[in-house]
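**Student:** Please build the complex by placing chain U on the supplied structure of chain Y, with the hints as guidance.
Chains Y and U, in that order, are what the protein sequence lines are.
Quick note on numbering: the first sequence equals residues 1 to 463 in my numbering.
Quick note on numbering: the second sequence equals residues 1001 to 1247 in my numbering.
Please keep in mind that the hints were generated in silico from the structure rather than gathered at the bench.
These numbers come from a predicted model, not from an experiment.
C-beta atoms are modelled at their ideal positions from N, C-alpha and C, and glycine is treated no differently.
Okay, the calculated bits of chain U under chain Y, using three or more residues with CB under 8 Å as the criterion: (1) 1074 to 1087; (2) 1109 to 1118.
DMTMM-like, lysine to aspartate or glutamate: derived pairs with alpha carbons at most 25 Å apart: (3) Y/12 with Y/379; (4) Y/171 with Y/212; (5) U/1099 with Y/368; (6) U/1099 with Y/13; (7) U/1138 with Y/13; (8) Y/12 with U/1122; (9) U/1073 with Y/379; (10) U/1099 with Y/463; (11) U/1138 with Y/368; (12) Y/281 with Y/315; (13) Y/61 with Y/327; (14) Y/61 with Y/323; (15) Y/209 with Y/46; (16) U/1099 with Y/379; (17) Y/61 with Y/97.
Here are some, though not all, of the chain U residues that point toward chain Y, as calculated from beta-carbon distances under 10 Å: (18) 1051; (19) 1056; (20) 1096; (21) 1098; (22) 1160.
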Amino acid sequence: MTLWNAIAVGLKEIWAHKFRSLLTMLGIVLGVSSLVTMSAMVQGMENGAREALVAVGGLEKIRVEAQSVPVEQRHLRDFATGVTLDDVRALEFSAPDISKVSPELRFDRPPTLAAGGKTHRTWMTAGVWPIQMQLMEHVIEHGRMFSDLDNELARNVCVIGTGIRDELFGKPEDTGEPVNPVGRTLTINGYPFTIVGMFTHYESEQDRKVREARLREQAAALAAGKTNAASGARRDRGWGGGGGRRGNFAFWIKNNTVYVPLNTMWMKMKSGESNAPAVPKLSSMEIKLRDSGRINEALTQVRNVLMVTHRGIEDFSFRTQEDRAEEIDTFIRNARVSGGLIAGISLLVGGIGIMNIMLASISERIREIGIRKAVGAGDGSVFIQIVIESTVIAVVGGLMGLATSFAFIRLISFLTPTDNAPVVTAGSMSLAFGASAAIGILAGLLPAFRAARMNVIQALRYD
Amino acid sequence: MALLELRNVSKIYHLGGEEIRALDDVSLDIGAGEFVSIIGPSGSGKSTLMHILGCLDTPSHGTVTLDGIQVEKASASELARVRNRKIGFVFQFFNLLPKLNVVQNVELPMIYAGVSGSQRREQALQALEMVELGNRLKNRPSQLSGGQQQRVAIARALVNNPRIIFADEPTGNLDTHTGEVILALFRRLSQEGRTVILVTHNPEIAAVTPRRIEIRNGRIAEKVDARLAGLDRLAASATPAAAVAGA
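Isolated chain U, as found in the complex:
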């Protein structure tokens, strides 16, 4: 069974009586330890897909299973719990809290996980060592470079030891060189066995991942990932497990 399973997922917005299908009947499996990029132009529905995969949003139709949890039925507080324990987010604009210093920012997810103070500090230090920022603990985010801020964000994403890391345009706000350093970091995380999902509009960045999922007009463009075509066909015959095994 895959870590993430989407079955016939649609997301429909109603804008002034007009129905907008941001996602249209998408089925998708992502296995544990995969390094995947979701690629597509803006407005293609890739952000919506990421929100649903990241448990920030729930689908209008279809089912989402994350590590055995039925996400589409979960309440807001259950979703918050899943985000806290299972998922780490890295955003384009870093999204660090400006009033907190580096360690406090990294500790933030553990506060909501109910980890004790001393253990929080210890785990935060470990995570910061991993991104080589063990020497900037007391700095505010505004005192760091973009690349450093993004590494703090990655440390924050890692600190609760989640099963999946989501990165939404993680290099979009960085220069090419720094961006490569960050991408190398994600590659390393993938090699260490974590599931990493990169969301980007840039094919060059998507090229670093072994598997690419292209979204167009709310649907998965079949030509990019041959495996998904087979998956769709098998999903229709209601044996998704066989599909994954076959792939």
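Only chain Y is shown next, with the shape it has when bound in the complex:
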């Protein structure tokens, strides 16, 4: 009996009991589709999280933050210098594992930005060096980043993100034309600054797709000659602005950045404060490593340099993206394991269903098995026939499950739209399909063994 014959017999058997076979397959269909769907959703989440990680600078970025003196060095706190420009210079010269370093000086309270009668407060206002742009992976859309000369001369210039533009000058989506704020003036806590540049709009892949789809819809509506029926009082839905979804938090933060030159920040905004020290104390430093694989070595290097400049007082701390990356890994792994477990259980249940139906099927077909044996089917042929029948049920169920999973994913993204579009991977599909085939074989073994062991005379007499 050739394999092809056996498969044909299996398919015929399924077709002869269409409804029963369909019910039996349902378990496998659900198992496979839930496995693929779960994996696609987790993959989507992982992609979203990794995108956000890259948006904040990736694994190569380290932040050095000023910190209060540790308890055991409390008695030395009067000698603590805090993070200063000396540290930045020292690191530039003495830490070869570092490629870039930029100081950052922020306000103690979120400053008020104002232009054209509108105001906006944002934490993400900082005095920095021009190199910060590369460190934070910013891209200029209009104008330029301020230069070293702007910093040197402490000019009142600034570079803003699109979020600030949207708040103060209007969104291009609302006005219907590009809004270029370069050359205009805004005030920070009352001091006028000229906008010399604006960053590009940062968004996740998913947001970009949604936005483009919306644009196409609008274009289609315009082409159809419809006026905007939804016009009327504009509604602001509060924090985050825009009346729409805030999107991924990491991208939102990045879009709400305002950079001014460090010297301007220090000389014009900070030194007037009553408790200002003689040497500017930085809020933090951003450091970019040469090689993300050498995080520990680089951290040791940075720490050694800083311990010298800080005279042994450890009033600083590191914040790496490792924790974040690890969190992502752990979360993804947990989601995989728990989702896989559920899908695995439903596959198992499907397998038990197949075994059950195969056992019922062989007790219905005792006489058939007897006839086949009488005309010369060996135990092996009978065994293989039953295993193939159950495998065919499982494989057909698996294929249906793969098809169903796409429908599932559509349904789920329709019911609960998230920032992270599910991504179906070939790996998850082949895993689910392979698992269904393996379960089909396993579920067929016991019924096949029973069928093969049937006594031919008793089977022939059975009715």
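**Tutor:** Same frame as chain Y, but now just chain U:
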């Protein structure tokens, strides 16, 4: 050497500690081309004898030789192979697979013999022509009359060109006229040189065969076939070949 040789064959069943001898020390030769009936009342052991002759079962004691093959030592898969290549079965209840059509039913033994698809179809058509059913190829067994179904079963039995045809009450489920047609078919097969063994409880049907073997209480009743008496005596002197030659 005979096609089928049974020597001192016994089949013993154990039912709740009680020993039942379904066959008790049976010796028997059937030559190639013979037309034989095995006759006996129900419970006489004739079915057991047929099962052992047809390689569906193995004896508890004794030896069975079929076309030179020692059957009593064969494994289950070897027995299946012998049934497939050497033996064709025709049953009282036809035993066709209801889900398969006529051609597919006839092709069934060839599937297990590993015959290729096109050759299977060709041989099945030949066998069906022989039983005059070449025009009902695509019908299901349930769409055929009893006589037609039995002829399909005969075509299936013939299709692997076996040396022996076993028919277990082949007319038991048919009316008298149809039964005669089927018996005529067996007679024709016998005349064409095949070994045909009819198993029946009906002496009238057994009367169509030149040789009759009667079974009673698990033993061959000597008076029916005089030759077997001589055979038994000669078997005891361990020269069975001479016995066949002498018969």
